[in-house]
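S.K.: The residues making up each chain are set out below.
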Amino acid sequence: MADLVSHPDETRVVSQRFGKGAADINRHLELDGYKAVQKALQMQPDDIINEVKTSNLRGRGGAGFSTGMKWAFVPKQSDKPKYILVNGDESEPGTCKDRLILEHDPHSVIEGVVIAGLAVGAKVGYVYIRGEYRYLVDIMRKAIADAYAKGFLGKNIFGSGKDFDVHWHTGAGAYEVGEESALMESLEGKRGIPRIRPPFPAIVGLWGGPTVINNVETLASVPHIILMGGQKFADYGPPKNGGTRLFCLSGHINKPGVYELPLGYPLKKMIYEVGGGIPNGRKLKAVVPGGSSTFVLTAEEADQMNMDFDSFSKRGEFLGSGGVVVLDDQTCMVKFALRVMKFYQHESCGWCIPCREGTDWLKKTLTRFHAGGGLKKDIDNIKYLAQNMLGRTFCPLGDAAAIPTMSIVDKWRSEFEAHLEGRPCPFEPEGSRTISELPVIA
Amino acid sequence: MVISEKLDRFFDEKMKEYPTQRSFLVPMLLYTQDELGYLTNEAIAHIAKKVDLTELEVRNVISYYSMLRTKPLGKYHVQVCTNISCMLRGGEEVFEHCKQRLGIGHKQATPDGLFSLEEVECIGACSWAPAVQVNYDFHENLTPEKMDAVLDQYSRKAKQ
Ligand SMILES: Cc1cc2nc3c(=O)[nH]c(=O)nc-3n(C[C@H](O)[C@H](O)[C@H](O)COP(=O)(O)O)c2cc1C
Ligand code: SF4
Ligand code: FES
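Chains as they are written, first to last, in this note's numbering: chain A, 1 to 442; chain B, 443 to 602.
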């Protein structure tokens, strides 16, 4: 389906089987498939967790939490069954990598689930895939069925005396369901309204049982870590930022695509060498480093950034989901801010007021502003509203809406000023199409 | 039978994979919609009974998920992404073009019931933008001209 790309700087770990027909279980086996899980079956649970800790693997879903630590939080003893839940809701604008893993190497995800289960003492895993990805649901269904047929899942897996079940599940359109507690609600057959925390899912998760929730890419990394050893994986990236990552290059870039690069890779090189630079002889204006929920970088900042979690967190910012969106100098940042806000307004689950009302106000203000009806005081109001959502919402979606907005107002204030007093958008003087109304969440 | 026996049996099998009866509800609604075109009153009543919930509780779930609908749309539902990566590469032009060509707007269907149109959020095709899904099929790296070819292909398919 989606075209694959390549670049000499790539380090193929998670993507090593892409394009090799590994969705087929026999082909997967030829490519060292299901060796890691057999190795893990010989290991003590704590040794598996320690190997993952050593690898410095951090969550690829966006937050970058240490995977080994997350697993270690799960209590050893539990009256209720424990679960592994794979987050394949992939809906963060700019992000299209889990799709490739599910398409090209679904068995690596299944293997990751079983290894996670062995580590924490779970016997059941669920793979949740967003509703729009039906062809991937079909691929996963077949992969699971084939794994059962070979005795890799079910009773007495690999003759080990241990049982493990993996089931597939699908959503039906909702970004918010990617949030881990909303994901559990959805899997339980409910609306995706987040849960109050604590208790965290590792203690009280699916149906009240301790639950590990990991992103598709996180779990697909695990078999490779077990096979190559945690230290080798860690060494691909800078300290505390182990391994490689699938970066999805999109927007104004000559060679868009998903590239697997070591963490800490310089963003400048990623844009100009791996991505082939900006089309049409234009210049870089801005970069969204990891999906629409992250702080937007100016061209000057982008020149300096290395793409690992800590390079961002030391600036108080986020590396995010791997979705690198490149914006050239002809992009209107007011319009961009508006499109981002329309998304969050559409996806807000409406549970808490700052997010439900804040995203709506901001969308309306930005719509008016972009159409030329902006007042000078609106600029500060937009920032003030966003700032007041930050940290005051029930789940991080409110923050995700506030963060790009604040950074765009701060860094491109002059573009807001250029829209004042009924002036036409400087980038679309012919009169842009006001972005058509998306419905308020049904 | 409101839904095919095959689908009903498939639901019964899947429901066994969960500790509670309602867990498989969301996929069940989506697969039912795929079979019937939309979630009819009869289908909702049938599913509510299956999962031991009231119809109101099931409708409450339906209203949360953007892919679920209780009214029919076109046979080919054209979903155009205009989110950031697609917007930067002409997704809005593709959407505008579909509106002109089909003579319908967001969430509307053509009078013959063949096509319907929707502006959607990111569909996970950002690196192959702009992208469209027609039902579940992805069409990527589009331009208005390529979009015409895609729509022609579905028009032809309908006549076969
Ligand atoms: C609004 C929202 C949407 C999210 N969407 C996703 C998603 O689509 N996929 C994902 O893996 N994580 C998503 N996350 C992050 C999850 O809550 C969670 O942190 C993640 O699945 C944990 O896995 P990891 O530690 O392997 O990254 C989202 C978070 C928020 C707040
Ligand atoms: S922050 Fe937004 S999405 Fe999250 S619970 Fe509140 S209203 Fe719902
Ligand atoms: S932004 Fe259009 S597919 Fe992601």
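Some clues are possibly wrong.
[Unchecked claim] Cβ-to-Cβ under 8 Å is the rule here; a few derived chain A residues that face chain B:
no.	residue
1	Ser6
2	Arg99
3	Tyr175
4	Trp207
Bear in mind the hints are in silico, worked out from the structure with no lab data behind them.
C-beta: ideal position from N, C-alpha, C; glycine also.
S.K.: Could you check the structure against the hints above and give me the numbers of any it violates, in ascending order?
M.R.: Of the numbered hints given earlier, the structure breaks just one, which is hint 1.
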